[in-house]
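Listed below are the residues making up each chain.
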Amino acid sequence: MADTALHGPKGPKPKKMLSRGNIMLYGTLIVVSMYYLLPLYVMVVTSLKGMPEIRMGNVFGPPMEITFEPWVKAWSGACTGINCDGLSRGFWNSVQILIPSVLLSITIASVNGYALANWRFKGSEVFFTILIIGAFIPYQTMLYPIVIMLREIGLMGDLWGLVLVHTVFGMPILTLLFRNYFTAMPEELFKAARVDGAGFWGIYFQIMLPMALPIFVVAIILQVTGIWNDFLFGVIYTKPATYPMTVQLNNIVNSVQGVKEYNVNMAATLLTGLVPLVIYFASGKLFVRGIAAGAVKG
Amino acid sequence: MTLASDIPAQTSKRPTRLFHNLMAKIASIPMILTALVVFLGGTTWTIVYSFTGSRMLPRTNWVGFDQYERLWSSDRWIVSIKNLALYGVCSMVFTLVIAFTLAALLDRKIRFEGAFRTIFLYPFALSFVVTGLAWQWILNPDFGLQSVVRGWGWESFTFNPLNDPNTVMFGLLIAGLWQGTGLIMCIMLAGLRGIDEDIWKAARVDGIGTIKTYLVVIIPMMRPVFITSLVLIASGIIKLYDLVVAQTNGGPGISSEVPAKYVIEYMFRAQNLGQGFAASTMMLVSVVIILIPWAYLEFGGKKRG
Amino acid sequence: MSYSVEIKNLDLSFGAVQVLQKLNLNIHEGEFLVLLGSSGCGKSTLLNCIAGLLEVTDGQIFIKDNNVTWAEPSDRGIGMVFQSYALYPQMTVRGNLSFGLKNARVPKAEIERRVARAAEILQIEPLLDRKPGALSGGQRQRVAIGRALVRDVDVFLFDEPLSNLDAKLRVDLRVELKRLHNQLKNTMIYVTHDQVEAMTLADRIAVMKGGKIMQLGSPDEIYNQPRNLYVADFIGSPSMNFLAGHLVDGTFKVDDMVLPMTGYHFADAQTADRPAVIGIRPEHVATGPLAADAPLQFHVTIDLVEPMGSDTLVYAKLGQHLFRVRMDGQARVKAGETLPIGIDPARASLFDKKTEDRL
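Chains as they are written, first to last, in this note's numbering: chain A, 1 to 298; chain B, 1001 to 1305; chain C, 2001 to 2359.
No wet-lab data here; the hints were simulated from the structure.
Note that CB positions come from ideal geometry on N, CA and C, so glycine has one too.
Treat each hint with caution, since some may be false.
Simulated DEER-style distance windows between Cβ atoms [stated by the list, open to error]:
no. : chain 1 : residue 1 : chain 2 : residue 2 : range
1   : C       : Asp-2172  : B       : Arg-1193  : 35 to 43 Å
2   : B       : Val-1093  : A       : Ser-19    : 26 to 34 Å
3   : C       : Gln-2123  : B       : Arg-1223  : 53 to 61 Å
Stretch by stretch, here's where chain C covers chain A in the computed footprint (C-beta under 8 Å, at least three residues) [stated by the list, open to error]:
no. : stretch
4   : 101-113
5   : 204-210
Can you make the complete structure from the sequences, with help from the hints?
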């Protein structure tokens, strides 16, 4: 009896680092990772090659001679139809659309969410429900009425018209985001502030806003990537002079005139993807939080 | 002896109902306008005008269901619907399977979890236009994957989905999955993390294997997560537009057309508004058909329980 | 009128649910009134109505003879302390204390004076420049009390202020609160579900149930003369022993036992015979030598013994009824033994079985 107790298994169980399960696990993950990384890799190497090398070479091979010519051309010289000033115009258009859209949509939605969470009034939940259901309606059913509305207020084709459209379509998800955040804050804090004599705006600016900074960052990430990546609204509500970057990119790459310059196309594609990619890699966990928050709409 | 109150507690008047919470009401005006005018008003307007023969400009010459008859006898619309159905079913199945598998793998307390998650999710930060153009290049028959494999010595290798009407939707699917699975994986991973550790301990004590525990215990527990994912995938599928425009522009021929593209072409290019309105109304109907059972499951069930 | 707070016919309903029903309550100047009840009884709701944080459906609220029914919370002359402390996390302790005064546009020098005075009373001067996150639970609650203190108001409202603290700290702060009340002599309205807090702090306790006040009285009255079965059962731990029987000619009959109620003070001397319930507190059951001196004597069989250190709780069988007896901590008794007990009808409570009111 005592013997078996002494000679039996003792101490930590030995573990094998290279067990069959582990090899399968990491093997699968690495293979899948390659599928996800492949397009980015191909875009980068293609954009750094000259056209002769692309025509004869291997799409996966690294560039034999690195050239930044395609990047320069994509930025300032690529043609869409008769215009040959590259993506830069689209980039600045996008910036001009992005900044006011993000500011306006987040300002409105945060105040809205705060009102819905703390100052409910008769009918507020009904409007909110319509707003959330609206998020599921295909945009196509609202496209033309918005054209008419924008025309009526003289903003059709204008950057500010697109800003309004982004504000409107960002509202359901952002309002939900802020409403849920403010609802989750302790109600007693709000009560204490009311006893302390703070009103609607006093509580918003002095109590709620300083506590809501994380959710503002999430909302900004959500909106910057969403608005930057938009194609549909850009193509419909702007005119060629005010096209955002995505629309211009598509026009450059898919233009039927001239010889296809794949290296320039890939440089242009990367340039367009750069802004959201930078935000993605810089924000890390917050991006995940943002999209997870965006995911639970409805 | 008592301390004087510095704030006079006067007898105040009850404010009228309209001005009660006045600031909250003012602050909600943008939301109310959006909900009522744009969402409700806009949708209603489109439905109403889908019964007119509007061409270049909206006009109220009522034509009954003519637009819908024309729509359903149009080859292009039928192809669009078939394409969307094929893409939709495949996208749902593959997204759920791949996303859950990846999430489960990442949940096995592995090293470099953050790095893997970053890799799986980054395509989601990119737009559909960028996604479509990148894959258009990789799938290019003359320079892309096909030519590379042939260059390795496999001369008869053929992988040219974008130029084959029968497989073009799968070309789109490869790109769509690349862009979208990361998001669903993240949601699934959050769902897995939300499951009580004790469930795993209980399964271990009961001697249930890992894969069996996932299938029998964990997946049924994650029903709400799967429903959220499904709704999310479905609403993405119906919006499918940018990817097609960038990657194939509906080609070859009309073999990769989708409903959203049909609507926009008729409204803004073919100057046949009534046809566009009818098509968009059909899209709305299909969303309603998907949403009602979901809303019933999500909210109807709770009320009864 | 010398009432500090008056509540007249207060009604509050959320949709079809009536939370407060025709509630009347007058609170004296300088009184410490505790609203006591289990969760959902409406005690916190009532406090929120007094604070103006909930809009009443009907009725009136007066504070210092001013009708404040429709007044804003900050205009009512009240200060409030919350269960979760509700300190503004981004402000320092000083910022927390002065926030309300700044909103009321009190001059700067006056704000400083009042903050300094409150900090001195509550002994939180060293904490003034810290943020709430850097404070312990007890310190946070002190700051929360300070926030009410600086407002220089006559009525303090406390919403379960000690419930988030651990047991030992709760006792300490309870004592401090009592000291604070003795020092300031404000009117304090205090909501709790903890009967020990209620008994120790209150001048008067209002026991609430279902949006109504079941009994309003001093802790002694509530404990010794519960006005109905609910209050009798709710107050006291372990709770009162109840035996259902009949009141016949001034005696209480249960099964085949007859208890002459000599010495019991009936509310109405001519109480008619009726089905009734007698209630006896476990600590009012005499044991040992004292049992022999009691007017009524019984023998019970011990079923279970729970030693608790300070005293011993004995579960015994009186006929078919389970009967709790509280004995000295030193009592050496075992299950199965027979225990002689004595009961004094003067300390018992009799209730009408139908109306549940005290007889």
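Here is how each hint holds up against the structure:
| no. | hint | in the structure |
| --- | --- | --- |
| 1 | C:Asp-2172 - B:Arg-1193: 35 to 43 Å | holds, 40 Å |
| 2 | B:Val-1093 - A:Ser-19: 26 to 34 Å | holds, 31 Å |
| 3 | C:Gln-2123 - B:Arg-1223: 53 to 61 Å | holds, 54 Å |
| 4 | 101-113 | violated (count 0) |
| 5 | 204-210 | holds (count 3) |
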